Amino acid sequence: MFMFIFNKLKTFPKGGIHPPEAKLSAFKSIEKISLPANVKIPISQHIGVPSVPVVERGEAVKTGQIIDKTGGFVSANIHAPASGKIAKISEEMDVSGYRRMSVMIRVDKEEQWDDGIDTTDELRSEISLNREQILEKILEKGIVGMGGATFPSHIKLNVPRGKKADVLIINGAECEPYLTADHQLMLEKSEELMVGVKILMKALDVKKAIIGIENNKKDAIDKLCKLAEKHDDIAVEALKVQYPQGGEKQLIKALINREVPSGKLPIDVGTVVHNVGTTYAVYEAVQKNKPLIERIVTVTGKSVKNPGNFLVRVGTPVSTLIEAAGGLPEDSGKVINGGPMMGKALNDLDIPVTKGTSGILILPEKESSRSKSKVCIRCSKCVSSCPMGLEPFYLMTAVQRGMNDEIENNRILDCIECGSCAYICPSNRELLDYIRLGKSTVSNLIRERQSV
Amino acid sequence: MNQTIIITIVSLSGLGAVAAMILYVVARQFKVETDPRIDEIEEVLPATNCGGCGQPGCRAFAEALVNATDISDMHCPVGGNEVMKQVGDILGVEVEEKDPYIAVLKCSGSFEHRKKTNIYDGAPNCTVAAQLYGGDTGCSYGCVGLGECVDACDFEAMYMDENTGLPVIIEDKCTACNACVKACPKDIIELWPRGRKNKRIYVACMNEDKGGIAKKYCSVACTGCEKCIDECKYDSIVVENNLAVIDPEKCKLCKKCVYVCKSNSIHMINFPPPKEKDRPPKERPSRKLAQTKAEVAEVEVSEVDVVKVAASKADVVQAKTTEADSVKDKTSEVETDKANTSDIENINIKNEDDTSADQKDSKDISSENENKA
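Just so you know, the protein sequences line up as chains A and B, in that order.
Count the first sequence with the numbering used here and you get residues 1 to 452, in order.
Count the second sequence with the numbering used here and you get residues 1001 to 1373, in order.
Keep in mind the hints are simulated off the structure, nothing from the lab.
Errors might be hidden in some of the hints.
Claimed, not checked - Taking lysine-lysine pairs in the DSS-like style, the calculated list, with each CA pair at most 25 Å apart, reads:
1. K264(A) x K10(A)
2. K1115(B) x K366(A)
3. K88(A) x K1197(B)
4. K202(A) x K288(A)
5. K85(A) x K1210(B)
6. K366(A) x K1116(B)
7. K288(A) x K62(A)
8. K1197(B) x K1255(B)
9. K1116(B) x K344(A)
10. K88(A) x K1216(B)
On a predicted model such as this, the values are computed, not experimentally measured, just so you know.
Next up, chain B with everything else stripped away, as it sits in the complex (with noise of 0.2 Å):
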């Protein structure tokens, strides 16, 4: 009996000393040399994944770093310049600071500014809408609306705002990892510089008709007019095929294409509301009657609470106010969770040319509740 013990013992551990030696043995013949430094890079790189440097993933990244001789073109967008001048140190080099990216979107063709001209009920995929024809509005061009991007998204940047039918994309969250522009079949999201103090403006709209037609099935379309390219003293917009983009580079933000533009298609984010001396002048008279006019209306509504004044801020157009309440806690509540920076990519606060004298109104009461807020 005890032998049988005593025998199984040895030659159960002698077993496990000669296996032990022979793996030592593999273990020390066969080692992969691997530079230390790429799981110390690896480390540091922010482990998404998400492969918006254009590497695979984040161990892919650091070996590359780690074998590219010159790494000023390469850069983690989620990481940011943080992260990057960590990397620098742990190789040895300089890296040079770049401006941090958003994705911003290209089109504004809400349901109110685009009427649906027909029914699409095949794959709820863009890319397979976007195959079969050109959308279920007139505009070609524009937001298709079935959220491929936002399934891209690893981030929880985006959402599908149900009121406009367009994506939203969340600025705090947003890594510029291009995962939904590469995911956007018609192209209208892009990533765009931040900006200084995140301030930034961008054509929102994509449409290359002739000015009739992309009027026609959208009112807030660029029908490439050129009117901002006379205001602009920087060239740093060019019309081309009827739609006109703004050169971020040269842009020095002052606001005066924004308020010419008659359709609304040039968006401003995160800039305070509108001055008396931003407004151009020959738009001075119609201005004052609105004031005249709000101030009266000011008396009547003056007790505004504060959720209704974030909420017409996230969204001019639903400031149309009173009506659609839910509509407004919703958007508020999202407003609440990004401390001051908004998140909602419409605070197109110059609606001044619009046509209904009740927007007018309306808007200009928000505006002064929130100078006051």
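Just chain A, with the same shape it has in the complex (with noise of 0.2 Å):
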């Protein structure tokens, strides 16, 4: 019986819910798919400043050359993701919902890789770079936080002066119901992402590394224990199953038991959290030279003929994606990039993958379609409910009526915008809906108090 306690999984202390889980695409290994005949690439793919395309239309591109540089510090190189001519560089719709500024790839027949990269399988497990070298290389192949923020990778790693990162953590949590890419990455490329840890902590100059798991992918943390025994400064911690464990601030609190002050990053309590698949892109990218231009995207959904696991180029039509799966179901309703809980319903099937899709849900018509929303019950299951410990009722209806000062003072900017309290109200209050509209006037009121 005291073992039972002692045993407890790790978990943050806060709200939390537990949705079904449904991964319906576990175990199955990944699959490469076949370049289209065009690819759009977004020049918008993470968060901040777009990237400025120094391509022209015509040109001829190699697979992995870059073809958008950053325009600005918090911005993101992008490379061809195959190899063709530049058919046109406009407007298209991407997964914002907006037509914005797009290169459009006509993919040749046999692809050519751009010189110096390593396109082969073999493992390279010795860090030849150095800790600006290894920077140097993130900013250069355009890794960006691939968890779903898109948040490029090297200003996380470029500690700022005065600060000091004591601990790294890895992010192998996939909290999302459906979304098994993590998963099966942790799985079938345990041994790079190993290199991968390895190579972060080398950039972040930190002695201690800890991988997060949520206790549902049992082989992947075995796996990664018997990986991480050769290593000392690597320890696997099985998390609790409980949404949502990979928010990064939940992670930490879960972990190392620090809690990121309101306003605050990581790195004001000591450590940087990357996700896995950013951890194996970093590896590639540092290690083959490969820039990122591919990703793994879970295809899913019940009525979906075949779910999977797919390796995919950025800029391949969702479309392509879905044909690959068995095809569009009858039945479907929305086609969401992302995961149920925090993902985005896609209002067109030619929208390209970029860097921060990480799966493509089908849901049917019956599970997508919102009930009508009800008045408030006062029932307070989404202030339990709400991991950052805000009052989502409360916010819902001070964002309705305007009282920005009144959302600003009751923290609205923590909001992690992960769904749990509109998905536990049994009204079906449009909470995260309003909440997020707060969230965005209130910044917009910051920017315009500091410009002044």
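Bring the two chains, given one by one in their own frames, into a single complex with the hints.
Structure (structure tokens):
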């Protein structure tokens, strides 16, 4: 009985929910998708300033060649995901739901890789580059956070003066239902992942790394544990299956019991969090000189014939992915970019896969349509489910009434948009919709205040 | 017994007298001097507290007026020149007359012109929807159709038209307070000078996509073809980002641009039905053809009652006629409310170069009937 108490899995203390896991594509090995005839690469695939195209129409490009350069400090390079000719640089629909600048490449039949890229599967565990060279490589190869937020990785790794990280956290929680891309990556590329962790540790100059994995991926935990035995400085921790365990702040609290203060970053409590997908991309960039041009995407859904994990190049239309998974089911209601909790419905199936596309979820109409919103019954379930300790019901009402000072004082900017409140609400209120609206209003106000 | 009553009365009145004295002294000693003109001006102002002047309410505006050294930039859109003149009299300054404004909707993508490409079922709020994506049609510039502007309007000067999915601005009630302009996340409502005799011409489109894409998703989108620029003698039109924009100060209301626009995206409001000489010369043959057809048709539909005429005036597209009588009744009801000036923005009487022959016929009939009426 006491053993049970001592074996209690680590988790974050406040809020959280446990939606049905529905990991339909688990244990499906990664399948490579052949290149489509055209790839569309939006110039804005990351948080921050959009990149600036450096190619012109009609120009021939090789796979891995740089096509968009960083447009500012918070920005990332974008590389050609396929060799071919630049067909056009025009405004195309992307994940944002708006038409934005994209570079379209007409793909060659025979792929030509750019010089110096190692395309073999050989494992390279010797880290020859020094710290500065690693950071430069990560910046040059356009690595961004691949858990979905797409924050440029070189900024996270460039620790500001006066601050010091002492532990690196690798996020393998994958708490979103349905998604299995990270799980499969941990199983199939575990050795590469370990090298990636070592590279990140060298870049940050830390002596300790923890890989956090939710307990529903026991095989991945076992495999990584076995590999981690060889390294004294890497630990693998099993986490309780609880959404949003993969949230940066929740993960930090669960693993090293430090709380990131409101408005501060993880580096302020001496840690940096990277996703396993990012870690693998860092390995490829540093050891194989390969830019971030492909990623693993889970295509899933209850009516999908062949749900699976696919290795796709950035710029491939979502429709191609759906074809690979057995086509669009007849009862489809929504096609979602990402998972069911934080994902966003797509308004066009020709929208290309970007660096941040972790999954394509096809929900049947019955499940996807929202029920009618009713009045708040003050049950406070949203309050107890909020992992950030906010009061969603109050924030929503205040946003609707335009009480901007009030929502700012009630820390609306702390919201991580995990959607737990909207999921748990028995009255089906659009809590997150309005909170998101309030967040953008408040951040605009703050920006205005700063500019004055 | 008597003694108790007397003591009570005396002590209470004594207490009252002392309190009154304290209050009197305090009131005299700590009196806040306010300019009496503030109260006078507040009396004159419309007391709607709409914020159209840029101040949080009428009292604040009155204070601002009294404290300001120069009031030429300050204007009460609700009260208009009349109220501002009274304010000027109180302050003893000359107030310049300002052109009255009205809100205009710069989108004409009704259900008919803009096919839905997907369905939105999130929070019924335009800004939330606009944050999520471009909108439920292929046009990401046009009206979202969830009515945030209508909610923002304090004067009941707007309503959502269920048949078009677009908000309608009621001319007589609109005070140009700017509330709807601020509420709209797509910036498709703009304050526009009411114009001479309430007549105005504006481009009812905000689409900045290239012509082909704009046209693909909305049949009344401005394609930036620049034909209107060639036609305009007063240099009042510029095309920026594939979108024509009319400068109301330069526009002389000659209507030439309205007739030359192939996609019907330039609207004219409160103009009489077009006359023969207004048409561009190259389109005359087709017009004649249509007219003869119309004459034939006129015999058949000779007895059209007044209600129908009004309805067809309100919306030419609906004048495609006979079908949906209920719709017409609805619009005609609103129509009769507003004496002569129509509240419906869609009096785009020029449908001349439209492709469908049916539409041409019925339209000509309607304008003929209108002339009669």
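* Asked: Quick one, are K366(A) and K1116(B) close enough, alpha carbons at most 25 Å?
  -> holds, 21 Å
* Given the hinted pair K1197(B) and K1255(B), is their alpha-carbon gap at most 25 Å? -> holds, 15 Å
* Given the hint that K1116(B) pairs with K344(A), does the C-alpha gap stay at or below 25 Å? -> At roughly 19 Å apart (the allowed maximum being 25 Å), K344(A) and K1116(B) satisfy the hint.
* To do: Could you grab the alpha-carbon distance between K88(A) and K1197(B) and see if it respects the 25 Å cut-off?
  => With a Cα-Cα distance of about 49 Å, the restraint between K88(A) and K1197(B) is violated, given a limit of 25 Å.
* Asked: Straight-line Cα separation of K85(A) and K1210(B) no greater than 25 Å?
  -> holds, 23 Å
* Given the hint that K88(A) pairs with K1216(B), test it: the Cα-Cα distance must not exceed 25 Å. => holds, 19 Å
* Does the alpha-carbon distance linking K264(A) and K10(A) stay inside the 25 Å limit? -> holds, 23 Å
* Are the Cα atoms of K1115(B) and K366(A) separated by 25 Å or less? -> Answer holds: K1115(B) to K366(A) is near 24 Å, not above 25 Å.
* Pairwise hint evaluation, K288(A) against K202(A), where the allowed Cα distance is 25 Å at most -> holds, 17 Å
* Is K288(A) within 25 Å of K62(A), Cα to Cα? -> Holds: K288(A) and K62(A) sit about 17 Å apart, inside 25 Å.
Violated hint: 3 only; the structure is consistent with all others.
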